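Enquirer: Listed here are the chains, written in short residue letters.
Protein chains: 2
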Amino acid sequence: MSDDRNFIRLTYLIEAAGDPEKLAKKIASDQSTGTFVPVPGETDELKNRVAARLTAIRPLPPAAKSSFPSGESGPFKRIEADIAFPFDAIGTDLAALMTIAIGGVYSIEGFTGIRIVDMKLPAEFGKAWPGPQFGVSGSRKLTGVEGRPIIGTIVKPALGLRPHETAALVKDVIDAGADFVKDDEKLMSPSYSPLEERVKAIMPLILDREQKTGKKAMYAWGISATDPDGMIRNHDIVLKHGGNCAVININSIGMGAMAFLRKRSGLVLHAHRNGWDILTRHPGLGMDFKVWQQFWRLLGVDQFQINGIRVKYWEPDESFVASFKAIATPLFSKDDCLLPVVGSGQWGGQAPDTYDRTGRTVDLMYLCGGGIVSHPGGAGAGVRAVRQAWEAAVQGIALQDYAKSHPELAQSIATFAGGKGA
Amino acid sequence: MSDDRNFIRLTYLIEAAGDPEKLAKKIASDQSTGTFVPVPGETDELKNRVAARLTAIRPLPPAAKSSFPSGESGPFKRIEADIAFPFDAIGTDLAALMTIAIGGVYSIEGFTGIRIVDMKLPAEFGKAWPGPQFGVSGSRKLTGVEGRPIIGTIVKPALGLRPHETAALVKDVIDAGADFVKDDEKLMSPSYSPLEERVKAIMPLILDREQKTGKKAMYAWGISATDPDGMIRNHDIVLKHGGNCAVININSIGMGAMAFLRKRSGLVLHAHRNGWDILTRHPGLGMDFKVWQQFWRLLGVDQFQINGIRVKYWEPDESFVASFKAIATPLFSKDDCLLPVVGSGQWGGQAPDTYDRTGRTVDLMYLCGGGIVSHPGGAGAGVRAVRQAWEAAVQGIALQDYAKSHPELAQSIATFAGGKGA
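Protein sequences appear in the order of chains A and B. Heads up: the first sequence at position 31 corresponds to 30 in numbering that gives the first Met the number 0, and the numbers run straight through without jumps. Heads up: the second sequence at position 26 corresponds to 25 in numbering that gives the first Met the number 0, and the numbers run straight through without jumps.
The set of hints was computed from the structure by calculation and includes no laboratory data. Predicted, not measured: the structure shown is a model, and the values here were computed from it. Careful, some of the hints might be misleading.
Same chains, same label: a pair holds when it works inside one copy or across any pair of copies.
To be verified - Listed below are the simulated PhoX-like cross-link pairs for lysine-lysine, each with C-alpha atoms no more than 25 Å apart in a straight line:
| id | residue 1 | residue 2 |
| --- | --- | --- |
| 1 | Lys140 | Lys21 |
| 2 | Lys64 | Lys76 |
| 3 | Lys214 | Lys199 |
Construct the entire structure; sequences and hints are all you get.
Expert: What follows is the structure, given as structure tokens:
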């Protein structure tokens with residue numbers, strides 16, 4: 000039923016006091032046809048039909064400390080193991096893939112560390128799932144921004160503003176020329192700011208400015224809700240009032256709700272991954288972003304928040320760079336690439352390093368909170384300063400030099416360059 | 000807007016090389032009104048409306064090793080910190096709760112360890128969510144089992160059997176008197192065993208036996224699917240053919256899909272938590288089951304697989320015991336308790352310890368795979384042996400003694416007592 004090309008291939012980083020190769024074989028066995036006591040009806044024929052196979056082992060330097068606490072003393076042996084699952088054993092269902100190739104693996108006894116570091120899916124997945132509806136080109140078309148990063152900002156404080164208070168802040172930043180504005184991901188539809196009231200307070204400002212200037216700011220509305228029916232109602236409210244984007248807490252709602260939304264969506268879907276960190280922050284445990292993003296990408300995310308250079312939250316720069324490359328590299332076709340959303344403590348100061356380290360592209364959204372709204376010259380100066388920083392980065396001019404003829408950038412440097420970010 | 004009683008209260012285990020209390024305050028700030036640069040519009044009034052508060056700190060003994068790898072040397076300071084979120088800041092939406100009080104916390108810089116160890120929700124959550132539709136009493140009514148644990152088994156091998164092959168194995172175990180049978184959680188609807196064909200091959204056997212004996216085995220069908228619409232189609236197939244239970248990979252489908260299913264479900268929902276382990280296996284990171292189960296319980300799980308004593312997969316016995324107590328203790332009312340499903344390497348040998356350590360109750364499902372089907376006297380003897388083990392446990396008779404007059408139990412001991420389990 001399967002030919003040689005038709006396998007789902009995963010790579011596991013396995014760490015153990017004992018023999019890690021034995022554990023790799025155990026993964027292949029447990030996660031397909033294996034059981035612990037021979038049972039009636041188990042034949043070689045059915046085993047061959049769906050059995051997962053260990054196809055390669057690469058030894059890694061041992062670790063002095065174990066990733067999970069261990070009573071045994073080190074060094075702890077480490078390998079990367081490639082396992083191939085016959086396509087027919089899993090099919091294209093992403094929940095089945097998650098359960099069989101990833102979820103169940105974490106419960107196997109004997110590891111001192113286990114991390115999923117790569118996944119290669121056959122072309123059937125590209126056909127079975129919709130992928131992004133808008134992606135990079137749709138985001139550019141809707142914002143009217145070409146040839147430079149889409150520049151966005153976030154309404155802060157995260158919680159507590161009533162709709163009219165949020166609207167006043169939004170008016171400032173769209174008047175300032177921000178291409179994109181978003182609800183903080185923690186703001187969904189609380190009693191002090193129900194989504195519909197917020198939409199009714201803000202969308203007229205956006206449409207009014209569009210009529211006056213021709214420029215429509217993209218606003219990402221916090222439509223996430225546990226109940227998918229409720230989330231669709233939220234989606235419809237935004238669409239009805241002329242909105243074109245939503246921020247989705249993908250990890251909180253889960254894969255099923257994302258699939259449900261994508262089938263019915265007319266909005267650009269901007270993914271926030273809160274909760275993800277605990278699955279990746281320990282380098283010996285969990286999962287690489289490169290693996291995880293494939294699920295959300297197939298499900299239909301358009302824009303993906305992936306931190307940035309020198310962020311204010313946890314993430315090493317090299318991890319961000321790897322995430323950027325993952326979502327900007329085609330999975331099955333160019334159209335399935337997502338718009339990388341670079342954010343967290345950004346103010347323009349990180350533009351040169353971002354540009355140099357992510358392949359010298361401007362196909363990204365650059366999201367600054369305080370870096371725009373707390374600019375001493377106001378939000379308008381903040382937006383101009385960020386654009387100037389990107390002009391300098393693309394032209395290979397040092398920010399300090401470019402700032403000599405660009406006063407807003409000069410003010411930004413004076414204000415934000417001291418700290419870690421904005 | 001909030002009085003003193005109306006808070007959502009979480010407890011965080013915080014580990015850090017620096018000052019953990021400072022990080023506790025940072026959680027309270029970041030996850031509600033905080034931002035990093037003073038922004039216009041931020042007033043004390045709105046802060047008070049929704050700001051989270053650090054309400055208590057309990058120092059714990061320091062850790063010699065850090066949970067996340069750290070460049071700093073130990074010992075690492077540890078505290079438990081209670082933080083109260085005003086109910087109005089979050090409301091009853093579970094995705095909002097997960098995002099604000101849990102998800103976002105994992106990304107804060109400066110921890111060497113962070114684990115959510117407790118959560119107390121106000122009564123509004125009990126009113127907003129359906130909770131279990133069947134729970135313990137519904138599971139008993141549908142299986143007709145009273146006064147002892149519901150005894151179940153799993154069809155193995157996990158993957159590869161065609162519907163007629165699965166049916167032959169199921170016939171054996173229902174003829175043997177098993178109260179409950181389930182698809183392996185890895186079996187959903189692959190091309191070699193589409194759910195509908197499997198249902199059509201097996202349900203007639205169950206209904207036929209019900210007609211002959213009056214006893215209807217509960218079969219948990221693997222209806223999980225990424226697309227909630229598809230999952231409902233699977234649900235409807237099972238219901239239409241007379242089935243009454245489904246096994247759901249809750250972590251793979253996510254909270255939204257679970258809410259969607261529960262609203263439309265006529266089946267007992269048996270939760271499998273694959274993938275969960277990576278969120279709890281490191282004791283300094285992630286989340287306690289006691290916290291996580293509250294989400295799934297409010298969403299409407301009826302039966303919850305929680306491992307058992309001396310399991311073949313990872314989990315210390317005390318962790319299992321804590322999980323059992325968590326789901327068997329009322330959250331808001333007795334009706335929201337779930338049926339604990341005790342499984343993994345069980346064969347009856349663990350019955351006495353299970354009974355003694357979980358509060359001397361028989362309100363549980365006892366799930367044995369090889370422990371039933373690989374009994375040397377066949378599956379019928381396997382079921383009888385497990386019942387005998389539980390009779391002995393409840394009567395406080397040692398298994399070896401009870402086995403003297405119960406040959407099936409004696410055979411079980413001879414076969415399975417050597418290894419870790421079955």
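Enquirer: Under a CA distance limit of 25 Å, which applies to Lys140 and Lys21: within one copy, between copies, both, or neither?
Expert: neither (52 Å within a copy, 45 Å between copies)
Enquirer: If the cut is 25 Å between Cα atoms, do Lys64 and Lys76 qualify within a copy, between copies, both or neither?
Expert: both (10 Å within a copy, 19 Å between copies)
Enquirer: Since the copies are identical, ignore which copy is meant and state whether Lys214 and Lys199 lie within 25 Å (CA to CA) inside a copy, between copies, both or neither.
Expert: within (19 Å within a copy, 58 Å between copies)
Violated hint: 1 only; the structure is consistent with all others.
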